[in-house]
Amino acid sequence: KQALARQPEVMSSSKPYARLGDVAFDKMEKINAELLTMTYGALVTQLIKDYQDVGMVNQELEKMGYNIGCRLVDEFLAKSNVDSCATFQETALVIAKVAFKMFLGVNCDVTSQSSDGRRFDLYFKDNPLTQFVELPPKCADLDYSNILCGVVRGALQMVQFVSEVKLTKSELKGDTGTGIRVTIKEVLKESYKDDDE
Amino acid sequence: TMTMMGENYAKLACVAVIGKQNEPLLVESFPQQRQQQQQQQQQQQQQQQSKALTADGSEEELRLFFHVHTALDVLEEKLAANRKSHASNPSARELFLGLLFSVEDFRVFGYVTNTNVKFVIVTYMSSANEGAIKPFFRQLHEEYLRLLGNPFYKINDPIESERFLKSIRRMSARLTR
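From first to last, the protein sequence lines are chains A and B.
If you use the numbering used here, the first sequence corresponds to residues 1 to 197, in order.
If you use the numbering used here, the second sequence corresponds to residues 1 to 177, in order.
Here chain B stands alone, though its shape is the one from the complex (with noise of 0.2 angstroms):
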């Protein structure tokens, strides 16, 4: 189940991990909606489904969940002409893929793997702060080894791991700042 920890999640709507085969590993959104709601939130804790439609906060859920679908296209059309212009010098590939998309409050921005596991964030049009986005990914990519050094981990299978959960609502929250 998603937990609010009661900090400002504000800018950061939402974080999705998705792998080669374009199959999520983990979708963390944050909608802001959400956050108004913390103490109804902890009262349906006592329901079995981490995504339970339930309250305003699912609505927004669905729409970060499609905007990520979207942002896949978006990525995938990215890599493609990467793909051809960096054909004669491949040690040049970039994994921060920059602004995939801007759409209704929300701005998507994408980042790719070397083994095409792809990175995408939702941010909040009004606050994003793009300085702080590439680091992000950074921290996420460093997170996401951490995991894979874990024996215990299916490469991709969808993520359960406590410590990464954590990790990725800790640096959500610093992002906020």
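Next comes chain A alone, as it looks inside the complex (with noise of 0.2 angstroms):
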């Protein structure tokens, strides 16, 4: 799993996952995309009326998401038919072509990696959550999208990757789309418990 260490060019050979990403897409069901924008507005603006706290509400997504994350994992791999990577590089386009693709329908590029593969920035366009948001000032620090970084978090951690997820970048906050940093901090080994546990 060490990332070797590649040339940039790795990031225009994104058009088999890409293919995944439409072919998966395809496949899962669909909703009317106004009833999650909707009903996501409904989640946060509900959690802002209980904590009072800007803060502790983006603790909350990111919490919330961490539990969809841990979960949809294993729907992903399984219906998405990729192979496992080899390299960080090959993770962040998964993440990026295949997995936002699926179950944002977005279009998401890896815009920037470390050399060691380890630290990545996810961009995209037309955040179906944010449609028709506006930030009130007294939540200019609010990271809306938050949830999205849980479930990125979640999901890496159910294969062992241990990691710091960050929203950098949202269209409500004046920027043209969305950006996510994910860091891979650790890789943790596989541990088999004994069977008398």
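Bear in mind the hints are in silico, worked out from the structure with no lab data behind them.
As the structure is a prediction and not an experimental result, all values here were calculated from the model.
Careful: at least some of the hints might be erroneous.
What the hints assert, rightly or not - SDA-like mimics (lysine to any residue), calculated; alpha carbons at most 20 angstroms apart, straight line: (1) Lys15/A x Leu77/A; (2) Lys154/B x Thr39/A; (3) Lys125/A x Gly131/B; (4) Lys11/B x Ala80/B; (5) Lys166/A x Lys79/A; (6) Lys154/B x Lys15/A; (7) Lys138/A x Leu145/B; (8) Lys166/B x Tyr51/A; (9) Lys154/B x Glu34/A; (10) Lys166/B x Phe132/A; (11) Lys138/A x Phe152/B; (12) Lys49/A x Asn150/B; (13) Lys154/B x Arg170/B; (14) Lys78/B x Glu59/B; (15) Lys173/A x Pro135/B; (16) Lys138/A x Arg163/B; (17) Lys11/B x Gly131/B; (18) Lys154/B x Lys185/A; (19) Lys154/B x Tyr40/A; (20) Lys27/A x Asn67/A; (21) Lys154/B x Tyr51/A; (22) Lys185/A x Glu171/A; (23) Lys154/B x Thr168/A; (24) Lys138/A x Phe65/B; (25) Lys138/A x Gly149/B; (26) Lys173/A x Lys11/B; (27) Lys20/B x Leu148/B; (28) Lys173/A x Gly19/B; (29) Lys173/A x Glu160/B; (30) Lys138/A x Lys154/B; (31) Lys154/B x Ile48/A; (32) Lys154/B x Lys125/A; (33) Lys11/B x Asn114/B; (34) Lys138/A x Glu160/B; (35) Lys125/A x Ala81/B; (36) Lys27/A x Ala86/A; (37) Lys154/B x Met158/A; (38) Lys166/B x Gly174/A; (39) Lys138/A x Pro158/B; (40) Lys173/A x Phe152/B.
From these two lone chains plus the hints, build me the complex, please.
Below you can see the structure in the form of structure tokens.
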């Protein structure tokens, strides 16, 4: 699983992953995007009412996402037909091109990656969660789409990657799209418990 | 604060969004005298009040608010009349209420949504392009729907959305051409 030093051209070989993403997306059952947007909006505003603290809401969104990601990854691996990744570059591409496409229907790119592959940036436009949303001044520090960061972290955790995932760009804060930075901190060894535990 | 964009707002004098309890949610006016005083307006940006009573623009503004208020009564009458005539045929309810009344140099038009949110626009008599009024209301309705899509906007609160205001200004600039 050690990342090989690769040339930046590896990002142009995202086409096979993009195809996998499209195929998986087509197979998925769809729901109305507005319903998702409104449901998520209701969730976020309710959290704000309950916690009254933007920092706490950011954390709660991330935790919720983590829970989702832990469960989602099994469905993802089962339905997407991806092979296991040999490098972190492939991991990044799979998350961007296959997972984000399959579950959010967005075209996501890996916009940069460190040479050891452990840190990479994801970027996509037209985030369905943020459509029509405008942050009021008192919520200027709200990481509205933070649930997505949790999802990525949860999914990675289930495949033995301990990571830190942060929202770096948001359409609600003046950027043209959504940016997410993933940093893989630790690769856990598979541990097998004794049978009599 | 209402900032002038330096565009020709001559024809459209005022756009108002009114809630179902007849409370004003937004009254955005573009009085003609304002245009001549854009520089003074910019100097007076420091004042906190958006409806500051400064220069001559304010008198016209008050008149426009008054007309919007009058429009509400006419609107109610029209709605009541429509309800009677459509009692037997509810699906025929038309959202665009047409010309409500004319007064001085102004013409006032009305539109009501299915949830009784009302839109009122006041135009200058000589330059009203009536064919463009109905589509204007449709667009305004669509903008209102987008506003409702914002989970942070509490329904029937006064409208403070920058995006909504920008859209209205863009739409009114288009109307004048």
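Checked hints:
1. About 19 angstroms separates the Cα atoms of lysine 15/A and leucine 77/A, which keeps this hinted pair within 20 angstroms; it holds.
2. For the given pair, lysine 154/B sits about 15 angstroms from threonine 39/A by alpha-carbon distance, which is consistent with the 20 angstroms threshold.
3. For the given pair, lysine 125/A sits about 37 angstroms from glycine 131/B by alpha-carbon distance, which is inconsistent with the 20 angstroms threshold.
4. The hinted pair formed by lysine 11/B and alanine 80/B fails the criterion: a straight-line CA distance of about 30 angstroms is larger than 20 angstroms.
5. For the proposed pair lysine 166/A and lysine 79/A, the alpha carbon gap of about 26 angstroms is over 20 angstroms, so the pair is violated.
6. For a cut-off of 20 angstroms, the pair hint linking lysine 154/B to lysine 15/A is broken: about 44 angstroms separates their Cα positions.
7. In summary, the hint linking lysine 138/A to leucine 145/B is not supported, as the alpha carbons are separated by about 23 angstroms, beyond the 20 angstroms threshold.
8. The straight-line distance between the Cα atoms of lysine 166/B and tyrosine 51/A is roughly 32 angstroms, outside the 20 angstroms bound, and the hint therefore fails.
9. Proposed proximity of lysine 154/B and glutamate 34/A is supported: the alpha carbons are some 18 angstroms apart, at most 20 angstroms.
10. Taking the CA atoms of lysine 166/B and phenylalanine 132/A, the gap is near 14 angstroms; set against the 20 angstroms cutoff, the hint holds.
11. For the hint pairing lysine 138/A with phenylalanine 152/B, the CA-to-CA distance comes to about 11 angstroms; that is within 20 angstroms, so the pair holds.
12. Distance hint between lysine 49/A and asparagine 150/B is fulfilled; the C-alpha atoms sit about 16 angstroms from each other, no more than 20 angstroms.
13. Of the pairs offered as hints, the one joining lysine 154/B and arginine 170/B is violated, with about 24 angstroms between alpha carbons and a cut-off of 20 angstroms exceeded.
14. For the hint pairing lysine 78/B with glutamate 59/B, the CA-to-CA distance comes to about 29 angstroms; that exceeds 20 angstroms, so the pair is violated.
15. Between lysine 173/A and proline 135/B, the direct Cα distance comes to roughly 32 angstroms. Violation of the 20 angstroms bound is thereby established for this hinted pair.
16. Taking the CA atoms of lysine 138/A and arginine 163/B, the gap is near 17 angstroms; set against the 20 angstroms cutoff, the hint holds.
17. Straight-line distance between C-alpha atoms of lysine 11/B and glycine 131/B comes to about 13 angstroms, which keeps the hinted pair within the 20 angstroms bound.
18. Under the criterion of a C-alpha separation no larger than 20 angstroms, the hint pairing lysine 154/B with lysine 185/A is inconsistent with the structure, at around 41 angstroms.
19. A distance of roughly 16 angstroms separates the Cα atoms of lysine 154/B and tyrosine 40/A; the hinted pair therefore holds under the 20 angstroms criterion.
20. Annotation: proposed proximity of lysine 27/A to asparagine 67/A is violated, straight-line Cα distance about 24 angstroms (limit 20 angstroms).
21. At most 20 angstroms may separate the alpha-carbon atoms for a hinted pair to count; lysine 154/B and tyrosine 51/A meet this at roughly 18 angstroms.
22. Our distance criterion of 20 angstroms between C-alpha atoms is broken by lysine 185/A and glutamate 171/A, whose separation comes to about 27 angstroms.
23. Distance restraint check for lysine 154/B and threonine 168/A: the Cα-Cα separation of roughly 28 angstroms exceeds the 20 angstroms cut-off, and the hinted pair is therefore not satisfied.
24. Our distance criterion of 20 angstroms between C-alpha atoms is broken by lysine 138/A and phenylalanine 65/B, whose separation comes to about 30 angstroms.
25. At most 20 angstroms may separate the alpha-carbon atoms for a hinted pair to count; lysine 138/A and glycine 149/B meet this at roughly 19 angstroms.
26. Distance hint between lysine 173/A and lysine 11/B is unfulfilled; the C-alpha atoms sit about 35 angstroms from each other, more than 20 angstroms.
27. For the suggested pair lysine 20/B and leucine 148/B, the alpha carbons sit about 15 angstroms apart, so the restraint of at most 20 angstroms is met.
28. Of the supplied pair hints, the one linking lysine 173/A and glycine 19/B is violated, its CA atoms being roughly 29 angstroms apart against a limit of 20 angstroms.
29. Taken as a hint, the lysine 173/A and glutamate 160/B pair is honoured in the structure, with Cα atoms around 17 angstroms apart against an allowance of 20 angstroms.
30. Of the pairs offered as hints, the one joining lysine 138/A and lysine 154/B holds, with about 14 angstroms between alpha carbons and a cut-off of 20 angstroms not exceeded.
31. Distance check on the hinted pair: lysine 154/B and isoleucine 48/A sit about 14 angstroms apart at the alpha-carbon level, within 20 angstroms; holds.
32. The hinted pair formed by lysine 154/B and lysine 125/A fails the criterion: a straight-line CA distance of about 27 angstroms is larger than 20 angstroms.
33. Simply put, lysine 11/B and asparagine 114/B have alpha-carbon atoms about 28 angstroms apart, too far for the 20 angstroms limit, and the pair is violated.
34. Between the alpha carbons of lysine 138/A and glutamate 160/B the distance comes to roughly 13 angstroms, so the proposed pair stays at or under 20 angstroms and holds.
35. At most 20 angstroms may separate the alpha-carbon atoms for a hinted pair to count; lysine 125/A and alanine 81/B exceed this at roughly 48 angstroms.
36. Restraint check for lysine 27/A and alanine 86/A: not satisfied, since their Cα atoms lie roughly 26 angstroms apart, outside the 20 angstroms limit.
37. With a C-alpha separation of about 39 angstroms, the suggested pairing of lysine 154/B with methionine 158/A is violated against the 20 angstroms cut-off.
38. About 15 angstroms separates the Cα atoms of lysine 166/B and glycine 174/A, which keeps this hinted pair within 20 angstroms; it holds.
39. This hinted pair checks out: lysine 138/A and proline 158/B have alpha carbons roughly 17 angstroms apart, not beyond 20 angstroms.
40. Taking the CA atoms of lysine 173/A and phenylalanine 152/B, the gap is about 15 angstroms. The hint holds against a cut of 20 angstroms.
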